[in-house]
Amino acid sequence: MNVPDDLLYTESHEWIKLEGDKIRVGISDHAQSELTDVVFVELPKMDRQANAKEAIAVVESVKAASDIYAPVKGTVVEVNKALEADPGLINREPFGQGWLFVLKIDNPDDLKNLKDAAAYKKQIGG
Amino acid sequence: MVPFAGWLMPVQYTSIVEEHQAVRKNVGMFDISHMGQLIVASRDARGWLNTMLTNNIDKLEVGQGQYTFLLNERGGIIDDLIVYRIGDKKFLLVVNASCTDQDLDWLNKHKRGDVKIDNRSANFGGVAIQGPRVAELFVNLPTRNHIVDLELAGMPISMARTGYTGEDGIEVFFRAGDGVKFWNTVLEKGKDLGIKPCGLGARDTLRLEMCYPLNGSDLSPERNPIEAGLGFFVDLTKPNFTGRDVLLKTKENGPREKLVPFKMKDKGPPPRPHYSVFENSERIGEVTSGTLSPSLNWGVGMAYIDGTHAKIGAKIDIEIRGQKFPATIEKKPLYKKEKTSLPPETAAATTSS
Numbered sequence: 001m002n003v004p005d006d007l008l009y010t011e012s013h014e015w016i017k018l019e020g021d022k023i024r025v026g027i028s029d030h031a032q033s034e035l036t037d038v039v040f041v042e043l044p045k046m047d048r049q050a051n052a053k054e055a056i057a058v059v060e061s062v063k064a065a066s067d068i069y070a071p072v073k074g075t076v077v078e079v080n081k082a083l084e085a086d087p088g089l090i091n092r093e094p095f096g097q098g099w100l101f102v103l104k105i106d107n108p109d110d111l112k113n114l115k116d117a118a119a120y121k122k123q124i125g126g
Numbered sequence: 001m002v003p004f005a006g007w008l009m010p011v012q013y014t015s016i017v018e019e020h021q022a023v024r025k026n027v028g029m030f031d032i033s034h035m036g037q038l039i040v041a042s043r044d045a046r047g048w049l050n051t052m053l054t055n056n057i058d059k060l061e062v063g064q065g066q067y068t069f070l071l072n073e074r075g076g077i078i079d080d081l082i083v084y085r086i087g088d089k090k091f092l093l094v095v096n097a098s099c100t101d102q103d104l105d106w107l108n109k110h111k112r113g114d115v116k117i118d119n120r121s122a123n124f125g126g127v128a129i130q131g132p133r134v135a136e137l138f139v140n141l142p143t144r145n146h147i148v149d150l151e152l153a154g155m156p157i158s159m160a161r162t163g164y165t166g167e168d169g170i171e172v173f174f175r176a177g178d179g180v181k182f183w184n185t186v187l188e189k190g191k192d193l194g195i196k197p198c199g200l201g202a203r204d205t206l207r208l209e210m211c212y213p214l215n216g217s218d219l220s221p222e223r224n225p226i227e228a229g230l231g232f233f234v235d236l237t238k239p240n241f242t243g244r245d246v247l248l249k250t251k252e253n254g255p256r257e258k259l260v261p262f263k264m265k266d267k268g269p270p271p272r273p274h275y276s277v278f279e280n281s282e283r284i285g286e287v288t289s290g291t292l293s294p295s296l297n298w299g300v301g302m303a304y305i306d307g308t309h310a311k312i313g314a315k316i317d318i319e320i321r322g323q324k325f326p327a328t329i330e331k332k333p334l335y336k337k338e339k340t341s342l343p344p345e346t347a348a349a350t351t352s353s
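Protein chains in written order, with the numbering used here: chain A, 1 to 126; chain B, 1 to 353.
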């Protein structure tokens, strides 16, 4: 299972890419494979503020609906509209075109609570 | 892998959608070894079983099977199953894995006369091979709903022309020790056809498109077959079977709630079990099965709703995460082969299983 070294991760299988004072968020390769074929994505509203671990998006597979959580406290500044027409991007490119949203984060120190690739690999038994 | 009635089973081998399409267009194979297999035999087996099950066993010739229900005294569904008459006085009951023990308890508790009940579940495995090209894989397929004993690559097997997908197909039972060999033999045989191993995910989407019920979701001890819209598999002309009085009353008064298939009006989030169903602002029921149909690429489901609202074509709303999404009550099945790209409004109701 692909777990890029340059990303951070959450227990709930989101990946986080640092981009200045913002983070780009998606779900891991492991998560997309467990979810199976993604058929619908409910994106967060722009400018929405979210606390860490607050459910702000929904990814639905054929099988079930799964909440996606804000990894840290922040404000939604970008959402991946392409997923509305092609939710399967999450399965095909979980770390690329399948990203979900961008958060402007309140406090960079919050990122310390996230896992690095090694810790996430251990979590998923890879 | 997910735990399923005490078994570890794959939800998917590669992709639910790919596996689903393989069965609709080609051929797919499911491991159904988890299903329970009970043998009921001896002098009084036929007469007694006919008082335990809703469909009419007397209509079965040797080698023939039928879909039927095991009910409690309130008419509630303990299990839905297929009973095959495999001998003059011998029957094979293929039951849901999670119900095997309670079925057995119920049958033993109500046993009358000279009847022998044997649970052979642990000693037998099974696979379902389903799809329009299944007849290219095997010669001498039994006719629909019939079962035959034969030999394949040295393995004694029973092959039934039955399934849970709406496609042509067979269900094959073999000695547990032959399971791996049988599975691999069929995969090899079907290689050129592009046969695919299929998991529980595709099994669920395929059956839901056909409106075949799933016990535990659409059926329960609190629901009877009339409410579930499956009265075709109940023979009320039989003088005596468990639950008959309740079913007669339900039929006479009309079911208080009824299981109906529905289709979402717009593209959007797929319906899921336990979502509320509304008509105007009135809550009229609850979804029991729901998914995005891979064949229609559209949200579909089944729901128990107030009997007075259960009319084909009626407009309902499904509440999804606090928001209402319009849907329409449809005829069975939700998917019909000849009209893959059209909405299933014109699909005729079928009662075969």
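Among the hints, a few may not be true.
Stated by the list, open to error - If you want the footprint, here are the derived chain B segments under chain A, 3+ residues with CB under 8 Å:
| id | stretch |
| --- | --- |
| 1 | 289–295 |
| 2 | 305–311 |
Unchecked claim - PhoX-like mimics (lysine-lysine), calculated; alpha carbons at most 25 Å apart, straight line:
| id | chain 1 | residue 1 | chain 2 | residue 2 |
| --- | --- | --- | --- | --- |
| 3 | B | Lys-251 | B | Lys-265 |
| 4 | A | Lys-45 | A | Lys-122 |
| 5 | B | Lys-25 | B | Lys-331 |
| 6 | A | Lys-45 | B | Lys-331 |
| 7 | A | Lys-81 | B | Lys-311 |
| 8 | B | Lys-265 | A | Lys-45 |
| 9 | B | Lys-267 | B | Lys-189 |
| 10 | A | Lys-22 | A | Lys-112 |
| 11 | A | Lys-81 | B | Lys-315 |
| 12 | B | Lys-238 | B | Lys-267 |
| 13 | A | Lys-22 | A | Lys-73 |
| 14 | A | Lys-122 | A | Lys-17 |
| 15 | B | Lys-267 | A | Lys-45 |
| 16 | A | Lys-81 | B | Lys-265 |
| 17 | B | Lys-311 | B | Lys-337 |
Said to hold, decoys possible - One side of the interface only, derived from the structure: several residues of chain A facing chain B at Cβ under 7 Å:
| id | residue |
| --- | --- |
| 18 | Thr-36 |
| 19 | Asp-37 |
| 20 | Val-39 |
| 21 | Lys-63 |
| 22 | Asp-67 |
Hints were generated in silico from the structure; no laboratory data involved.
Backbone N, C-alpha and C fix where the C-beta goes; we use that ideal spot for every residue, glycine too.
Consistency of the hints with the structure:
| no. | hint | in the structure |
| --- | --- | --- |
| 1 | 289–295 | holds (count 3) |
| 2 | 305–311 | violated (count 0) |
| 3 | B:Lys-251 <-> B:Lys-265 | violated (31 Å) |
| 4 | A:Lys-45 <-> A:Lys-122 | violated (33 Å) |
| 5 | B:Lys-25 <-> B:Lys-331 | holds (23 Å) |
| 6 | A:Lys-45 <-> B:Lys-331 | violated (37 Å) |
| 7 | A:Lys-81 <-> B:Lys-311 | violated (38 Å) |
| 8 | B:Lys-265 <-> A:Lys-45 | holds (24 Å) |
| 9 | B:Lys-267 <-> B:Lys-189 | violated (40 Å) |
| 10 | A:Lys-22 <-> A:Lys-112 | holds (15 Å) |
| 11 | A:Lys-81 <-> B:Lys-315 | violated (30 Å) |
| 12 | B:Lys-238 <-> B:Lys-267 | violated (46 Å) |
| 13 | A:Lys-22 <-> A:Lys-73 | holds (11 Å) |
| 14 | A:Lys-122 <-> A:Lys-17 | holds (19 Å) |
| 15 | B:Lys-267 <-> A:Lys-45 | holds (19 Å) |
| 16 | A:Lys-81 <-> B:Lys-265 | holds (22 Å) |
| 17 | B:Lys-311 <-> B:Lys-337 | holds (24 Å) |
| 18 | Thr-36 | holds (5 Å) |
| 19 | Asp-37 | holds (5 Å) |
| 20 | Val-39 | holds (4 Å) |
| 21 | Lys-63 | holds (5 Å) |
| 22 | Asp-67 | violated (10 Å) |
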